[in-house]
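Fit chain H to the known structure of chain A by using the hints.
For the protein sequence lines, the chains are A and H, in the order given. This note's numbering numbers the first residue of the first sequence as 1 and each following residue consecutively. This note's numbering numbers the first residue of the second sequence as 1 and each following residue consecutively.
Do not take every clue at face value.
[Unchecked claim] Cβ-Cβ distance ranges computed for the label pairs, FRET-style:
id, chain 1, residue 1, chain 2, residue 2, range
1, H, Leu-132, A, Pro-209, 47 to 55 Å
2, H, Val-50, A, Ala-210, 32 to 40 Å
3, A, Asp-206, H, Leu-132, 32 to 40 Å
4, H, Arg-49, A, Asp-206, 46 to 54 Å
5, A, Asp-206, H, Ile-293, 32 to 40 Å
6, H, Asn-48, A, Glu-214, 20 to 28 Å
7, H, Arg-49, A, Gly-176, 29 to 37 Å
8, H, Arg-49, A, Asp-169, 35 to 43 Å
9, A, Ala-210, H, Asp-303, 32 to 40 Å
10, H, Asn-48, A, Asp-269, 45 to 53 Å
11, A, Lys-340, H, Lys-64, 55 to 63 Å
If you are wondering where the hints come from, they were derived from the structure by calculation, not from laboratory data. Just so you know, even glycine gets a beta-carbon here, dropped at the ideal spot from N, CA and C.
Here is how the chains run, residue by residue.
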Amino acid sequence: MAAVMQHAPIYEGTRIPSPAPTLLEVPEALGESEDILTVNFGPNHPSTHGVLRLVVELHGERVVGLRAVIGYLHTGFEKTIEQKTYWKAITYPARIDYLSFQANELVFVLAIEKLLEIDVPPKAQWMRTCLLELNRLHSHLVWLGTTGLELGAISMFWYTFRERDAILDLFEMLAGVRMHTRYFQAGGLADDIPPGFAEECRRFADRMPAAVDEYEAMLDRNQIFLERTKGIGLLSADDAIALGQSGPMLRASGADWDLRRDDPYLVYDQLDFNVPVYPGGDVYDRYRVHMDEMRESVRIIHQCLDGMPEGPWIADDRKVVLPPRDELHTSMESLIHHFKLVTEGYRVPEGEVYVAIESPRGEMGCYLVSDGGAKPWRVKFRAPSFVALQAGPTMIQGSLIADMIAIAASLDTVMGEVDR
Amino acid sequence: MSQTINQPWWIDLPKAFLIVNLVLLLFAYLTWTERKLLARMQLRYGPNRVGPFGLLQPIADLVKLIRKESFLPLTGVDLLIVMAPVVAGFTALASFSVIPWGPIWTIGDYHITGWVTDVSIGVILIFALGSLGIYGFIVGGWASDSKYSLLGSMRTCAQMVSYEVSLALAVLGVVIMSGSLSLVDIAVKQQETIWFAGPQFVGLLVFFVAGVAETNRPPFDLPEAESELVAGYHTEYGGMRWGLFQTAEYINMITLSGLMVTLFFGGWGGPGLPGPLWFLIKLAAVIFAFMWIRATLPRLRYDQLMRFGWKVLLPVATLNALVTAIIVVAVD
Numbered sequence: 001m002a003a004v005m006q007h008a009p010i011y012e013g014t015r016i017p018s019p020a021p022t023l024l025e026v027p028e029a030l031g032e033s034e035d036i037l038t039v040n041f042g043p044n045h046p047s048t049h050g051v052l053r054l055v056v057e058l059h060g061e062r063v064v065g066l067r068a069v070i071g072y073l074h075t076g077f078e079k080t081i082e083q084k085t086y087w088k089a090i091t092y093p094a095r096i097d098y099l100s101f102q103a104n105e106l107v108f109v110l111a112i113e114k115l116l117e118i119d120v121p122p123k124a125q126w127m128r129t130c131l132l133e134l135n136r137l138h139s140h141l142v143w144l145g146t147t148g149l150e151l152g153a154i155s156m157f158w159y160t161f162r163e164r165d166a167i168l169d170l171f172e173m174l175a176g177v178r179m180h181t182r183y184f185q186a187g188g189l190a191d192d193i194p195p196g197f198a199e200e201c202r203r204f205a206d207r208m209p210a211a212v213d214e215y216e217a218m219l220d221r222n223q224i225f226l227e228r229t230k231g232i233g234l235l236s237a238d239d240a241i242a243l244g245q246s247g248p249m250l251r252a253s254g255a256d257w258d259l260r261r262d263d264p265y266l267v268y269d270q271l272d273f274n275v276p277v278y279p280g281g282d283v284y285d286r287y288r289v290h291m292d293e294m295r296e297s298v299r300i301i302h303q304c305l306d307g308m309p310e311g312p313w314i315a316d317d318r319k320v321v322l323p324p325r326d327e328l329h330t331s332m333e334s335l336i337h338h339f340k341l342v343t344e345g346y347r348v349p350e351g352e353v354y355v356a357i358e359s360p361r362g363e364m365g366c367y368l369v370s371d372g373g374a375k376p377w378r379v380k381f382r383a384p385s386f387v388a389l390q391a392g393p394t395m396i397q398g399s400l401i402a403d404m405i406a407i408a409a410s411l412d413t414v415m416g417e418v419d420r
Numbered sequence: 001m002s003q004t005i006n007q008p009w010w011i012d013l014p015k016a017f018l019i020v021n022l023v024l025l026l027f028a029y030l031t032w033t034e035r036k037l038l039a040r041m042q043l044r045y046g047p048n049r050v051g052p053f054g055l056l057q058p059i060a061d062l063v064k065l066i067r068k069e070s071f072l073p074l075t076g077v078d079l080l081i082v083m084a085p086v087v088a089g090f091t092a093l094a095s096f097s098v099i100p101w102g103p104i105w106t107i108g109d110y111h112i113t114g115w116v117t118d119v120s121i122g123v124i125l126i127f128a129l130g131s132l133g134i135y136g137f138i139v140g141g142w143a144s145d146s147k148y149s150l151l152g153s154m155r156t157c158a159q160m161v162s163y164e165v166s167l168a169l170a171v172l173g174v175v176i177m178s179g180s181l182s183l184v185d186i187a188v189k190q191q192e193t194i195w196f197a198g199p200q201f202v203g204l205l206v207f208f209v210a211g212v213a214e215t216n217r218p219p220f221d222l223p224e225a226e227s228e229l230v231a232g233y234h235t236e237y238g239g240m241r242w243g244l245f246q247t248a249e250y251i252n253m254i255t256l257s258g259l260m261v262t263l264f265f266g267g268w269g270g271p272g273l274p275g276p277l278w279f280l281i282k283l284a285a286v287i288f289a290f291m292w293i294r295a296t297l298p299r300l301r302y303d304q305l306m307r308f309g310w311k312v313l314l315p316v317a318t319l320n321a322l323v324t325a326i327i328v329v330a331v332d
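Chain A with its partners taken away, still in its complex shape (with noise of 0.2 Å):
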């Protein structure tokens, strides 16, 4: 369970709306009054992130009443993944959150070998982190330079895609491509790590602490970032906990949980690292966490680059893996694997699973239902954007267009990930 860091209450009981924690109405005595503005943000607005659609009563610059629409990017990747075989639908689950797409690829990878009972060879398993932890980087970075974009600090945006278009060269050093990588795969990783990787990495994880530091720089010594941000969108700890919140929604609130570290998934039971917990609940604690993530993932990717074992990159699983490219030519049962691979795709044994990772905006869930086919019966994403943004009108009510808009910036929602 979440460790609730003892403190003074940010606010005193609970502030999240009745009767649904996901309206908020305008209260009855202004309902009458005709000062109310209804005005309709998005889903076609400058800082809406995607298609998020808020319909906001306005009292002046006060927002009173809110209504999220949301929908707008349904694309039905769980209906899709179903019709696809499990080695085709890997692709899927990287496409629903363009920003953390290796986490949610890993995530499905996971539950796929957790249904198949398959032993991942140690060194896919740090790659695996050292990804993840990229990733983590990558989202933040985005993050960051979004928020500051909504705040007015336009230049951010620029600062931090510098440190972003470095990790995705990174990415592209492994798998050809910038996002959406495939990089992992049931068993392994889908190649060998390309000679010359470490070395690049390292060289980013050594300039990565310089540029957080400038991004402090610029952002917390000045004072209209801290007034726009401190006191802003409170949620306190017990509220988070009641609205399912996660990642650096709930570690900002005050609730120390990470499953990094509470549930732990490929090596991070071998790494040392912190879990930054702020608590003060508000857009800037948001912030904090944020950053100081960004200075661990650094320290993660460091001891994995470190850590990192010789070895075989995927496992020997001929059910599962498809075999060397150069025995194709000289063994017929290699050739017949191959075959049943690309075709028809690996079964995988009857059973559910749910299966629980720290994506960069908190518990990415995947569940899925095999049916012993070599499509999954069903698959479910626990998404945290999803969840987060349901938190929007507990910290949005009573404040101003312009709190609206840095609080919806500081859920870190990505809306292909909402709708999905």
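Chain H alone, transformed into the frame defined by chain A:
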């Protein structure tokens, strides 16, 4: 001016023509400079496709804007929508008529002044024209019949009214010191004694901050806060009508910078170079500060803006004017 000026009567016309076009050219290349500067501060290249270093970009922009369809919102008030940018653009341009660019040149028996007109209430005239220009922004937003525009207009109204008070009070110190409301007199007085940026340093700071707010520049760009109100009062504008609003805003910035140079940095005065060149150099330095701020600072919130204007800037400006007045009286 104490000196009698023997200026041919027709010279005002070409001079006005020259200055209006100079200001318009300055505006066009200000957009280019701003984009280039911002780009350099943000690890980008900025415009570099049209002409060498993208120098023809402003002309390409102009052609694009003029060729665009000029639509009108269905529920808007057409006449006001068309007139609003014109009012904003005209007042912005007109206020440049009293800002002096150079000294008096003598050609034979004739004098040619480095300003279009020297009215004895130049400072007040500029503020009056600025206040009229606000109508353009407010009416344009209201007539568009869009909620974003309306909110933007409301913000413009509140912001400009609040900050104009501080702006005017910040100038009061300078006026007391020079003993004149004529911009030419103020500039000449500084060239004879000392730039008012020194003794009026507090006034300069207040004037600069209030000026940034008055011209809707970041971090006070609330009327058109992109992440909140899409484009504020000109959300429903397009084509050259939108272009006119932009023109007005940029020219307001030039005017304010010119006013600042005249009031605090000795106008056209300076060693060696000719007056207008000095004026332009000082103008460029002030405008650079405007752009630099834009690249650095986040936007304020509405209530913070109001609080800052009324509770910080206004008392400081008032105190500055009072202290200046007391010192001036004591010295006399």
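Hint check results:
| no. | hint | result |
| --- | --- | --- |
| 1 | Leu-132(H) with Pro-209(A): 47 to 55 Å | holds (54 Å) |
| 2 | Val-50(H) with Ala-210(A): 32 to 40 Å | holds (37 Å) |
| 3 | Asp-206(A) with Leu-132(H): 32 to 40 Å | violated (58 Å) |
| 4 | Arg-49(H) with Asp-206(A): 46 to 54 Å | violated (36 Å) |
| 5 | Asp-206(A) with Ile-293(H): 32 to 40 Å | holds (33 Å) |
| 6 | Asn-48(H) with Glu-214(A): 20 to 28 Å | holds (26 Å) |
| 7 | Arg-49(H) with Gly-176(A): 29 to 37 Å | holds (30 Å) |
| 8 | Arg-49(H) with Asp-169(A): 35 to 43 Å | violated (26 Å) |
| 9 | Ala-210(A) with Asp-303(H): 32 to 40 Å | holds (36 Å) |
| 10 | Asn-48(H) with Asp-269(A): 45 to 53 Å | holds (52 Å) |
| 11 | Lys-340(A) with Lys-64(H): 55 to 63 Å | holds (59 Å) |
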